[in-house]
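What follows is each chain in one-letter form.
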Amino acid sequence: MQDRIRGRVYVLGDDIDTDQIIPANFLTYNPAIPEERKLFGRHALCGVPAPGAGLPDGRVPFVDQSDPANTRSDYRIIIAGRNFGCGSSREHAPLALAEAGVEAVVAEFYARIFFRNSVNGGYLVPFESVERLVEHHRTGDEVEIDPKSGRLTNLRTGRTYALKPLGDVAPIIEAGGVFAYARKAGLLKKA
Amino acid sequence: MGMTITEKILARHAGRSSVSAGENVWVDVDILMTHDVCGPGTIGVFEEHFGKDAKVWDPDRVVIIPDHYIFTADRHAHRNIEILRDFVRRQGIRYYYDPDFVQGEGMPSPYRDPTATRYKGVCHKALPEEGHVRPGEILLGTDSHTCTAGAFGQFATGIGNTDAGFVLGTGKTWLKVPPTMKFVFHGRIPPYLTAKDLILAVIGEISVSGATYKAMYFTGEGVASLTLEDRMTLTNMAIEAGGKNGVCDVDEKTLAYVRRRSNRPDWTVETDDRDARYCYVHEWDLGAMEPLVAKPHSPDNRATAHECRDVTIDRAYIGSCTGGKITDMIFAAAILQGRQVKVPTFVVPGSTEVHADMLRLNLRGRPRADGEPSIHDILREAGCTMGPASCAACLGGPADTFGRLNEPIRCISTTNRNFPGRMGHQQAGVFLASPLTVAASALTGRITDPRDYVDGPIDTGEAGVV
Ligand code: SF4
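Note that the protein sequences, when read in sequence, are chains A and B. Throughout the first sequence, residue numbering follows this note's numbering, covering -15 to 175 in sequence. Throughout the second sequence, residue numbering follows this note's numbering, covering 85 to 550 in sequence.
Treat the hints as calculated values from the structure; they're not laboratory data. Relax, there's no trap hidden among the hints.
Result set (DSS-like, lysine-lysine): computed pairs, CA atoms no more than 27 Å apart in a straight line:
1. A:Lys168 <-> B:Lys256
2. B:Lys136 <-> A:Lys168
3. B:Lys139 <-> B:Lys256
4. A:Lys173 <-> B:Lys260
5. A:Lys22 <-> B:Lys136
6. A:Lys173 <-> B:Lys136
7. A:Lys173 <-> B:Lys256
8. B:Lys139 <-> A:Lys168
Computed from a prediction, not measured in an experiment: that's the story for all the values here.
Sequences and hints are given; from them, build the entire structure.
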């Protein structure tokens, strides 16, 4: 994990489910094939209904669709409310966000499988905020996360917010995923 | 200190005499299941980390059931089936249920005879049918509704491709032992309710995140009074409350089914100790419960069917791992028999076995006599549009999917999720309900309390029993 994660934020509400993160009609792409894997980035978050897409105003495309080859988002950090990533167990969800360039999500709490997939696949860091951040940030704000001290600072407002400790998954996140972790811990032979 | 079923199963598989909630343990996995959506990615992870020529940890413990994108012309979907075929061939995996009619390009023509294909349909229905579900075991699947199998007294939960790739190579995974929430149902199930009403009551009570990281234990004589299939509806939707797993007690109904189906002879029945600890307990009296719906766009948006009586609907859908079992079909047929639906009504059997039973059984769940209408006949004559077994429109899927909501319409459905866009169109509104409520609503074109039609017990006979 980097010392600092810095970038513009994309703000979402509560109960963002994995069908909104990557709708089912894109699941026929195979993430094991690099050209298809990129397409998950292009369609990340396209299932979020427009009024809630990029709060507070909504109707902000997460990935600019005007260039047909674009697969990356301008936003590196997602701020969301409760129960982020609920619904289906598709690992395509954290993968799609990571392919679009997301490095961290900061939510009040996560649905279990999304959290686990993010950690074990090493896609992004799922931070939990102590207080609700959605109303304190605008899509496009520049923020900086300091994982060590567990703080997020909004560089527009200058305010700092506390993040919860990553707890017992921290070693897996540090290692970069469950395979790297298991190798380090001697549970798997070195590749 | 007493343990719950879930704690005992995890302890045994971790080689320990006890575990308690919150601990992380490495466990041995009994069965790993994957399907056509997550299989190719899982295989990719496995080969990346263990090598192209690596062998899976035990080919007889890997079960692959394509079910999601079968009846579509989508070329990537067909390509994914080819990836599965190639993998099972190289690995010597026996328990692969091939959609053998998917050959070449274009929309495949469905199987003619549901008993004459290797193809099974929805994985969570096919797993117990094909003998891969047993009390006391650990089943992991790359699908969130893997929790369905907890109805058979086992630990079953959904995982992602990376976790599944790891299990393929090692047969192991780490799990955090969940605290258990206990849901007790008193009384016997009345004829106008199904387990769908019970689980919608639970989710409405605790919300879509109320069981996050937790085990959901369903017990009481009310649960014992349910058919095995209806118990599967309870555990199936544990994930809609955020649950890690759902679990029911094992009884004679469970044992009869598993004895008949299991392809391994031994298993261990676990029970909750008297002094087991629960982080939450809630009790219901079945006699006091009403038919429920979950309104758009969340499974916890609970209302009674009666309260929604002025809501008009454009479509009805009967299918999925939640509401596409043979008993669900009998529930719907009992209401639709001799009547005509008012809105387009799509029927999708959960599995080819369900499809075969719809043709074989009469309305009372017994082999039909010559000239007697089958469940399939009854539904078709009521004006339903009948499809082949698959996940179909439950998760939207490619635009040519059977029953998919391609317009912003209102649908009442026996499925499990009604998030925005889940069944296709982002502005479509999906109401989740029991097969009884869906069938009653299909007849009137508005959300209808099934008590308007149900006047006595609905006998499901031998359907889904063994
Ligand atoms: S029927 Fe629906 S919920 Fe069940 S496995 Fe298929 S897509 Fe998932």
